[in-house]
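Asker: Residue-level listing of the chains:
2 protein chains.
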Amino acid sequence: MSPYAAPLRDIRFVLDTLLEHRSLALPQYQDLSPDVIDAVLEEAGRVAGDVWAPLNQDGDRHGCRLEGGEVLTPPGFAEAYRAFVEGGWNGIGSDPEHGGQGLPEVVASAVQEMWQGANMALALCPLLTAGAVEALAQHGDEALKARYLKKLVSGEWTGTMNLTEPQAGSDLSVVRTRAVPDGAHYRLHGQKIFITWGEHDCAENIVHLVLARLPDAAEGNQGISLFLVPKRLVDAQGRLGERNDVNCVSLEHKLGIHGSPTCMLGFGERDGAIGYLVGEPGRGLAHMFTMMNAARHKVGIQGIGVAERAYQQALAYARERVQGRVPKSRGGGSATLIEHYDVRRMLLSMRARLEALRALALLSASEMDIARHAESTEARERAQQRVDLYTPIVKAFSTDQAVDIASLAVQVHGGMGYIEETGVAQHLRDARIAPIYEGTNGIQALDLVTRKLQRDRGAALNSVLDEVAACAASLADDPELAAWGRVLRDGVDDTRRALEVVLERAADAEKGHDALQALATPMLDLVGHVLCAWQMGRAALRARAALQDGHEDTAFYRAKLASAEFVLCHWLPRGRAQLAAIEAAPALFDAPL
Amino acid sequence: MSPYAAPLRDIRFVLDTLLEHRSLALPQYQDLSPDVIDAVLEEAGRVAGDVWAPLNQDGDRHGCRLEGGEVLTPPGFAEAYRAFVEGGWNGIGSDPEHGGQGLPEVVASAVQEMWQGANMALALCPLLTAGAVEALAQHGDEALKARYLKKLVSGEWTGTMNLTEPQAGSDLSVVRTRAVPDGAHYRLHGQKIFITWGEHDCAENIVHLVLARLPDAAEGNQGISLFLVPKRLVDAQGRLGERNDVNCVSLEHKLGIHGSPTCMLGFGERDGAIGYLVGEPGRGLAHMFTMMNAARHKVGIQGIGVAERAYQQALAYARERVQGRVPKSRGGGSATLIEHYDVRRMLLSMRARLEALRALALLSASEMDIARHAESTEARERAQQRVDLYTPIVKAFSTDQAVDIASLAVQVHGGMGYIEETGVAQHLRDARIAPIYEGTNGIQALDLVTRKLQRDRGAALNSVLDEVAACAASLADDPELAAWGRVLRDGVDDTRRALEVVLERAADAEKGHDALQALATPMLDLVGHVLCAWQMGRAALRARAALQDGHEDTAFYRAKLASAEFVLCHWLPRGRAQLAAIEAAPALFDAPL
Chain P
1 MSPYAAPLRD IRFVLDTLLE HRSLALPQYQ DLSPDVIDAV LEEAGRVAGD VWAPLNQDGD
61 RHGCRLEGGE VLTPPGFAEA YRAFVEGGWN GIGSDPEHGG QGLPEVVASA VQEMWQGANM
121 ALALCPLLTA GAVEALAQHG DEALKARYLK KLVSGEWTGT MNLTEPQAGS DLSVVRTRAV
181 PDGAHYRLHG QKIFITWGEH DCAENIVHLV LARLPDAAEG NQGISLFLVP KRLVDAQGRL
241 GERNDVNCVS LEHKLGIHGS PTCMLGFGER DGAIGYLVGE PGRGLAHMFT MMNAARHKVG
301 IQGIGVAERA YQQALAYARE RVQGRVPKSR GGGSATLIEH YDVRRMLLSM RARLEALRAL
361 ALLSASEMDI ARHAESTEAR ERAQQRVDLY TPIVKAFSTD QAVDIASLAV QVHGGMGYIE
421 ETGVAQHLRD ARIAPIYEGT NGIQALDLVT RKLQRDRGAA LNSVLDEVAA CAASLADDPE
481 LAAWGRVLRD GVDDTRRALE VVLERAADAE KGHDALQALA TPMLDLVGHV LCAWQMGRAA
541 LRARAALQDG HEDTAFYRAK LASAEFVLCH WLPRGRAQLA AIEAAPALFD APL
Chain Z
1 MSPYAAPLRD IRFVLDTLLE HRSLALPQYQ DLSPDVIDAV LEEAGRVAGD VWAPLNQDGD
61 RHGCRLEGGE VLTPPGFAEA YRAFVEGGWN GIGSDPEHGG QGLPEVVASA VQEMWQGANM
121 ALALCPLLTA GAVEALAQHG DEALKARYLK KLVSGEWTGT MNLTEPQAGS DLSVVRTRAV
181 PDGAHYRLHG QKIFITWGEH DCAENIVHLV LARLPDAAEG NQGISLFLVP KRLVDAQGRL
241 GERNDVNCVS LEHKLGIHGS PTCMLGFGER DGAIGYLVGE PGRGLAHMFT MMNAARHKVG
301 IQGIGVAERA YQQALAYARE RVQGRVPKSR GGGSATLIEH YDVRRMLLSM RARLEALRAL
361 ALLSASEMDI ARHAESTEAR ERAQQRVDLY TPIVKAFSTD QAVDIASLAV QVHGGMGYIE
421 ETGVAQHLRD ARIAPIYEGT NGIQALDLVT RKLQRDRGAA LNSVLDEVAA CAASLADDPE
481 LAAWGRVLRD GVDDTRRALE VVLERAADAE KGHDALQALA TPMLDLVGHV LCAWQMGRAA
541 LRARAALQDG HEDTAFYRAK LASAEFVLCH WLPRGRAQLA AIEAAPALFD APL
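Chain order of the listed sequences is P and Z. Every letter in the first sequence is one number past the one before it in full-length UniProt numbering, and letter 213, counting from 1, is 213. Every letter in the second sequence is one number past the one before it in full-length UniProt numbering, and letter 239, counting from 1, is 239.
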């Protein structure tokens, strides 16, 4: 069993130094101080490390069981979840009006990484609940909110997203589940698959948010509505009543996240599952996207969390495992793995990328705070543009990198990494879902090049690139960092050129869609590298300043400079190489397969 | 369960068109014709696809069990292995003097890919046997050979490599197993871990090749000798006698290759396991390297095999799964996955890389044939240099790519890819061992930069690069392929520059070893990309010629040109980006971790 320690020092660096607590400057948060946030982070780290993390490997080994319609989660999960709810952690980012603690999203995101790093399978449960809270708060009527929201915010009840059906995966327009009006509510009939935490024993009720069609609904997206279907019915006083007609039919046997029950749910196998319309009829997909964007951001953070844990385990093993010898120039004695430079390269590659991805994800979270709470419309809109641009990148780029980082953690362990008892292979198995769910990474890339680049003709990206270029110029002003400034500048130029290609291709009415699909993933990868390099460029400037100011934590800032050098000089070039793929003729993909 | 069809068409293209059957030009093979080889490939493909492949997923699900000291392999494995032995497949590459069929290594390698693609877990068994055959044939005395070799070549008995101990993984110098002289033989005492097919029920005897120390042995590598330890003793007439004192203590619970029993073996728990010295005392590691180099080549091919199967499964799923719609410009109807250009990009990326890796591995195999059988010493030596240079690249680069390709195959499946029943996740789990065993890929990279580049000051690589440059020039002569010629030429230039850096760093007596370790993996990745691009450049020239000559198989050659374009224009740039990492200061890795 590997320990997990929340990366508090690096999170603080991002919040304090890189983001300068910009969320706290919003009027909404005038009563919050950095000290309070610090205390929150520390306590979350303690619960994550002491309570959640020790259950992670056992959860993988035991998995979940379906017995007589009930799902039994792994030993300790129910208690650990209860501790989380009782600690008030579920609602830390939610509106105080609904019982939440109303902390900034940037803090909630930092804490989110800790749950995901400690126990990804268990952390999926509140991740889904948060989506249900968001959809209900934004689109539910007052009666529904009064009955369900508070318990969801507290985490006493949990939430799910019921989208996928056997024929409807990435394409939800072909959802078939039916909802028939029946007095004040509806009766739902249908089957949903891949429902994360769709049934479990950790809470007394589960609130399913379900996409379904009304009887007279149009075909396609326009015919889909959103319904709330509780596992147990709730009366007007909020008391739990009998079980609704929704049941777990089977559990999936998955590559990873064994502690997270992935259910096939049957709705209406008897007389129809009672459900309540959320928002407007026919607007179900739009309403669901409210929660999906937030969930996509969180899945990106999940990738960072699980990869951070894999990194910590590899680092600990490399420090302890004696194998081989150091070169004669360093004494020739027996060496721990970490003394070998190829192993150091692997570890630095993991750490540096994690720091960069974390900085980018928290930057995006801070833009969410501004988009919600800034006083001027202009500031809110500008921030929302940034969030829209960053979200597919945070989701897809972080999770692609997470799989690679977890795989490197296995590699550092050598043969021991392949043995399940070691526990590091679990992180690779767990991480592998993140590029798939909440919209595959291919879907994210298409979202980037169409909705986020094509639609505004690159305005949002160009405005970010102006800031990246300014960072490159600042680096160039420092003789020690000038070379890094040049490579970052080159990255900006490549991205601008790639953006031109995107817009040219998009202009082709005939072939535009195919052409954009053909370059979408390389484009997301390029932009991801450049945005991460930007964050590490900024980090390098701050680290240099801190060292010049004689800051006492020299080890931290020196390590930060090493991370920045890795990202800018070793890693960024791999992303820039995508320009060739972006420019290459998309006609290639017409070729026979 | 996914079917597997050996990629016969592409293998034939490599043997016939790219390699022009150069092995058959050797006097050794004067009686062999391309037709015979064709028949061998076809029949092997049939056995692999019809007999071995259907057991693959069940083998994963059942795994192996240890009961009362006996290891039970998955249902059907023993029968499938017997069919393989009875078909004469085990010895197809072995010397006819020992009962082998004496086919060229390039043919044996092509067939090897088929077993690995059909059932990697089962194919590991003969892979290890082949190593034992090689070590015994080269280093064993006549009595040992007479007693053991024929049955190993036929596959009636299987072989193992007993290297690793708990404290001795990548560094074998600290092996502790003891061998005490006892009359004409030795008594071995010790414990070996990670012994692939160390105990099983598929053959009546197992021949362990074991590294151990004589009582008076020096410390370190020089004190290690190689011993043959049979599971059951064999008398002078070759009859099986009683069980030797070697036992399976436990089986590892692994991420993948569940059908392959990975054993902890206890030697001499009673009165000592009877063993026989192979070769000279103190030369055990050197002798073992005889089999390790061959095994490294085969593990590279194993990566190609398992990745090919993952690709086939993804391709089949993409053709069949209906999801989303084609753009309006193409009619707007409902689409199969393969009609989406992002999916086409993934599939082409898998196929193109596989074709390139296969061509490189079979090129290396053909050099093995020349190194063994060419008439002139000069030709043999030159070919051996090539084999030495290619082996770490074939092993490490193919297996790194294999993990990525298998992971992409999961991605193509979307959510279904994460469900174990689908079977595609197994390929990722299986493939993940290949970068670890037979020398981690980090060890391969270090082997490349030290023994294969530093030692001859880049002579072998430069001579290959001359050929790559000539290929680039030929491409440049064809107006249609000129752009590809330029990028290949750039790849050559980058590699020459990287080689200069390697040699400069190696010259630093103080820091040279660390500096080489720091750039070894990026260097291997760069060279791997360039060699693969070379093969696809050659393939493109042949494909163009075939199309110009009006060859009837136009679909194949057009697809080959598409693969070449992907490798040269989309993929090679990623490898070239490693030059930046190679040139960057190795001092980075001195930074605190």
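It is worth saying that the hints were derived from the structure and are not from the lab. It is possible that some hints are incorrect.
To be verified - So the derived list for chain P, only partly shown, Cβ under 7 Å to chain Z, looks like this:
1) Glu219
2) Ala371
3) His373
Said to hold, decoys possible - To spell it out: a stretch of chain Z is covered by chain P in this simulated footprint if at least three of its residues, at any positions, have a beta carbon under 8 Å from a beta carbon of chain P; those stretches are:
4) 242-254
5) 417-425
6) 429-439
7) 553-562
As the list claims (entries may be wrong) - From the derived model, a few chain Z residues whose C-beta atoms are all more than 10 Å from chain P:
8) Gly69
9) Asp342
10) Ala577
Glycine included, each C-beta is placed from N, C-alpha and C at the ideal position.
Asker: For every hint, state whether the structure bears it out.
Answerer: Hint check:
no. : hint    : result
1   : Glu219  : violated (12 Å)
2   : Ala371  : violated (29 Å)
3   : His373  : violated (36 Å)
4   : 242-254 : holds (count 3)
5   : 417-425 : holds (count 6)
6   : 429-439 : holds (count 6)
7   : 553-562 : holds (count 5)
8   : Gly69   : holds (21 Å)
9   : Asp342  : violated (4 Å)
10  : Ala577  : violated (4 Å)
In terms of the numbered hints stated before, the structure departs from hints 1, 2, 3, 9 and 10, listed from lowest to highest.
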